[in-house]
Amino acid sequence: MLALLPALLAIALAQGAPPEPPRPRDLSPQSRRYQIERIQIVGLERAKESEVRRHLLVAEGDLLDEERVLLSRLRLLQLGWFSRVETRVEKGTERGLVVLVLEVAERNTVIVTDFILGSTDPEPIYGGLGLSQQNFLGRGFGLSGAFVYGGSPVGRPDDPDRFAVRASFFAPSLEVRGVRHGLVLGTTFMLVRGEEFTCGDAECDAFRSDFGAAPRIRYERIMGEGTVGIRPGPFERLLASYRYEAVRASEVGAATTVPGMEPAIFLGRSLVSAVTGTYEMDTRDDFFFPQEGMRGLFQVTFGSRLLGGDYEYSRYLLQLETAFGVLGRGLRLQTAVGIAQGNAPFFDRFYAADFSYFALGPALGRALELNFSTDPRYDAFLAMGGVEYAVPLWSKRSFFRRGYLALGTRAVYSTGTLGGKRTSFTRSPVSADVALRFDTPVGVFNLSAGYLLDNVL
Amino acid sequence: VTAGRSIAAALAALALAAPPPATAATSHLGVKLAARNGRLLATVDLGAAFAPPVERELGNGLTNVIAVYVSVLPTDGGGPALVHGRVIEILFDVWEEAYAVTLKDPRTPQGVSFVLADFRALRAFLAEEKDLDLGPVALLPEGGFVVEARVEVNPVSKEQLHRTREFIANPAGGSRAGGGSRSVLGAMASFLLREPAPGSDVHLFRSRPLGRGEVVAR
Numbered sequence: 001m002l003a004l005l006p007a008l009l010a011i012a013l014a015q016g017a018p019p020e021p022p023r024p025r026d027l028s029p030q031s032r033r034y035q036i037e038r039i040q041i042v043g044l045e046r047a048k049e050s051e052v053r054r055h056l057l058v059a060e061g062d063l064l065d066e067e068r069v070l071l072s073r074l075r076l077l078q079l080g081w082f083s084r085v086e087t088r089v090e091k092g093t094e095r096g097l098v099v100l101v102l103e104v105a106e107r108n109t110v111i112v113t114d115f116i117l118g119s120t121d122p123e124p125i126y127g128g129l130g131l132s133q134q135n136f137l138g139r140g141f142g143l144s145g146a147f148v149y150g151g152s153p154v155g156r157p158d159d160p161d162r163f164a165v166r167a168s169f170f171a172p173s174l175e176v177r178g179v180r181h182g183l184v185l186g187t188t189f190m191l192v193r194g195e196e197f198t199c200g201d202a203e204c205d206a207f208r209s210d211f212g213a214a215p216r217i218r219y220e221r222i223m224g225e226g227t228v229g230i231r232p233g234p235f236e237r238l239l240a241s242y243r244y245e246a247v248r249a250s251e252v253g254a255a256t257t258v259p260g261m262e263p264a265i266f267l268g269r270s271l272v273s274a275v276t277g278t279y280e281m282d283t284r285d286d287f288f289f290p291q292e293g294m295r296g297l298f299q300v301t302f303g304s305r306l307l308g309g310d311y312e313y314s315r316y317l318l319q320l321e322t323a324f325g326v327l328g329r330g331l332r333l334q335t336a337v338g339i340a341q342g343n344a345p346f347f348d349r350f351y352a353a354d355f356s357y358f359a360l361g362p363a364l365g366r367a368l369e370l371n372f373s374t375d376p377r378y379d380a381f382l383a384m385g386g387v388e389y390a391v392p393l394w395s396k397r398s399f400f401r402r403g404y405l406a407l408g409t410r411a412v413y414s415t416g417t418l419g420g421k422r423t424s425f426t427r428s429p430v431s432a433d434v435a436l437r438f439d440t441p442v443g444v445f446n447l448s449a450g451y452l453l454d455n456v457l
Numbered sequence: 001v002t003a004g005r006s007i008a009a010a011l012a013a014l015a016l017a018a019p020p021p022a023t024a025a026t027s028h029l030g031v032k033l034a035a036r037n038g039r040l041l042a043t044v045d046l047g048a049a050f051a052p053p054v055e056r057e058l059g060n061g062l063t064n065v066i067a068v069y070v071s072v073l074p075t076d077g078g079g080p081a082l083v084h085g086r087v088i089e090i091l092f093d094v095w096e097e098a099y100a101v102t103l104k105d106p107r108t109p110q111g112v113s114f115v116l117a118d119f120r121a122l123r124a125f126l127a128e129e130k131d132l133d134l135g136p137v138a139l140l141p142e143g144g145f146v147v148e149a150r151v152e153v154n155p156v157s158k159e160q161l162h163r164t165r166e167f168i169a170n171p172a173g174g175s176r177a178g179g180g181s182r183s184v185l186g187a188m189a190s191f192l193l194r195e196p197a198p199g200s201d202v203h204l205f206r207s208r209p210l211g212r213g214e215v216v217a218r
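Quick note, the sequences are listed as chains A and B, same order. Position one of the first sequence corresponds to residue 1 (our numbering), numbered consecutively onward. Position one of the second sequence corresponds to residue 1 (our numbering), numbered consecutively onward.
Please note that the accuracy of each hint is not assured.
[What the hints assert, rightly or not] Straight-line Cα separation of at most 30 angstroms, DSSO-like style, residue types lysine-lysine; simulated pairs: (1) B:K158 - A:K48; (2) A:K91 - B:K104; (3) A:K396 - B:K158.
[To be verified] With the Cβ distance kept under 7 angstroms, some of the chain B side facing chain A (calculated, not the full set): (4) N60; (5) G61; (6) L62; (7) W95; (8) R165.
[What the hints assert, rightly or not] Pairwise CB distance ranges, derived in the manner of DEER restraints: (9) A:R84 - B:D118: 25 to 35 angstroms; (10) B:H162 - A:L333: 20 to 30 angstroms; (11) A:E86 - B:V83: 23 to 33 angstroms; (12) B:P109 - A:S428: 51 to 61 angstroms; (13) B:V83 - A:R68: 28 to 38 angstroms; (14) A:A105 - B:G85: 28 to 38 angstroms; (15) A:L267 - B:R163: 52 to 62 angstroms; (16) A:R53 - B:Q160: 15 to 25 angstroms; (17) B:T26 - A:V179: 48 to 58 angstroms; (18) B:R163 - A:V42: 22 to 32 angstroms; (19) A:F400 - B:G77: 28 to 38 angstroms; (20) B:V83 - A:S398: 27 to 37 angstroms; (21) A:R68 - B:A124: 25 to 35 angstroms; (22) A:A59 - B:G85: 28 to 38 angstroms.
Keep in mind the hints are simulated off the structure, nothing from the lab. The C-beta atom is built at its ideal place from N, Cα and C for all residues, glycine as well.
So here's chain A without its partners, still in its complex pose (with noise of 0.2 angstroms):
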């Protein structure tokens, strides 16, 4: 009779007023009064489960609530540390018990965050690699590690190597009673050895056959910074810093007297003792190919000698970028202010090529905050504005799992001192991409011709 209902059904739908076919016994979902007996979560293997269970919107001893079960899923798969999350309910160990088994499989967490390939003039190739654990300890921790090379600077093989390299940990929810979102830890070191020409003009064109003969200043830093800050909601962070760094920095050469082309460091030893705050927001509906929602970030950092270092400064940063679908297409609206008051030092102001696709001239963006070419000018007031529309190219399960054609352009305007006039880090203030982005299990990759043009320009 039951294996009939469907032809039956079928054909009552199909003369109009159907007949509520016979039901045997109600089981529609709101009848159901099943209790969780039990929570069992099979397949993990890095991951604690307690760190799981944490972000389960049921319990045991609940009343199964489909609705829950779901978003609980749901939340488990954008926690990133599964490829599969399945659940289903068996029976308990009486009528009206039910077991509430979720059935994961855990995916590589560890991904690639920085692989770096340059070359300038002065240094013809430097490389880097960076990658993080995302669920180091199986509790969500992010442990990160990433160096850059360059080696002796070209034309002087005696001198020291020059190399950044960077170690992180960052907790971003820690569970702590009274903190509704949990707390936010975060550390991280790092020990940069480098060079800034003191040409006294970007190009340094006076020493275009020999670099091995430019003035430069020679620095090194050891920078420690601990963070500790809240979640005031989802989508928000609230941080505090605190950085203290050692710095040393001599001159190789005469340098320049050329305002504004050297370097602002205190030479010999110096420290940098600062704290920052920042204010963080994303509530962009995906990380890769977002069609809405809004990226923010908003960091206040102060230096000074009440602190006990011997910069003092204020610097303030601003960065926003805001997401929309158009057609299936992404739009995004990309823009940054950046200002850097009183004695900060040069890498706590805004380097253009950072923000910029390329930049027609000698400038390159910075590896690991390392500047490999003979452009040091470092600016007190940056503004960008930018958009990005982006195509999506495909989808599907496989190693290159989504990839999507970034078409873009940004202006960059900074100058040296507030109220200056504009640095020509580059010969045109707008610059522009065409980048293929790919989503891979070890990480989002971006295959950028602006980053390749700004090599050869």
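Start from chain A and add chain B according to the hints.
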């Protein structure tokens, strides 16, 4: 400069012409069309969307939702001329060991409920959607047309995704913002904010080109 402009124009054209991302492969749709009382009725074979492995999913003891959309599209392009949609809720009761089914469509928006004893009966019900009322026969395209069907198993709404999303990204560079590296093959971001694979449970079907002459009068 001319060459540069040509490349830029070609890239722009490529960007505008590129298709949206594919969500699922399209299977052949077996379809029978009939006309009764001026209405076009379609019987479609969706068996490929409900292969035996789906039993595990539909028998998980939780309510599963299947959305079926059937449409008629002119072969020479344009939007659908006729459309039918229905939603089927399926619940396998682990204690009763039976499938409770609720069918909702435009004629029965409140839903029709019944019980199927086993997966075999459920699959038979789901695989052959009979006499779907697509609308007035008069709206059939004059030229050729195709019938398309889209089956979504447990579609997730944007609202549900929004409710479960959180900003718990681990910044790649620790807490030091604004000093991002530029790299030719560099990761842009490293966010623990991933969506479930979109379109993974969407099945698409398309019939061969059909003509008005293939509609059987009843």
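Does the Cβ pair V83 of chain B, R68 of chain A satisfy 28 to 38 angstroms? Taking Cβ atoms as reference, V83 of chain B and R68 of chain A lie about 33 angstroms apart, which means the hint holds.
Take the C-alpha atoms of K396 of chain A and K158 of chain B, compute the straight-line distance between them, and say whether it is at most 30 angstroms. 20 angstroms, holds
Is 20 to 30 angstroms a correct range for the gap between the Cβ atoms of H162 of chain B and L333 of chain A? Given about 21 angstroms between the Cβ atoms, the range holds.
With respect to the beta-carbon atoms only, verify the hint that A105 of chain A and G85 of chain B lie 28 to 38 angstroms apart. 33 angstroms, holds
Given R165 of chain B as an interface hint, is its Cβ closer than 7 angstroms to any Cβ of chain A? 6 angstroms, holds
So, N60 of chain B near chain A? Judge it on the closest CB pair being under 7 angstroms. 4 angstroms, holds
Check the following: the C-beta atoms of A59 of chain A and G85 of chain B are separated by a distance inside 28 to 38 angstroms. 36 angstroms, holds
Take a look at whether the Cβ-Cβ distance between T26 of chain B and V179 of chain A falls inside 48 to 58 angstroms. Roughly 50 angstroms apart at Cβ, these two residues keep to the hinted range, so it holds.
Kindly confirm whether 22 to 32 angstroms is satisfied by the beta carbon distance between R163 of chain B and V42 of chain A. Given range 22 to 32 angstroms: holds, Cβ gap about 25 angstroms.
Holds or violated: is the Cβ of G61 of chain B closer than 7 angstroms to a Cβ in chain A? Given a least distance of 3 angstroms, the restraint on G61 of chain B holds.
Hint check: 7 angstroms Cβ-Cβ cutoff, L62 of chain B to chain A: 5 angstroms, holds
Confirm or reject the claim that P109 of chain B and S428 of chain A have a C-beta distance inside 51 to 61 angstroms. Holds, at about 60 angstroms.
In summary, this structure violates none of the numbered hints.
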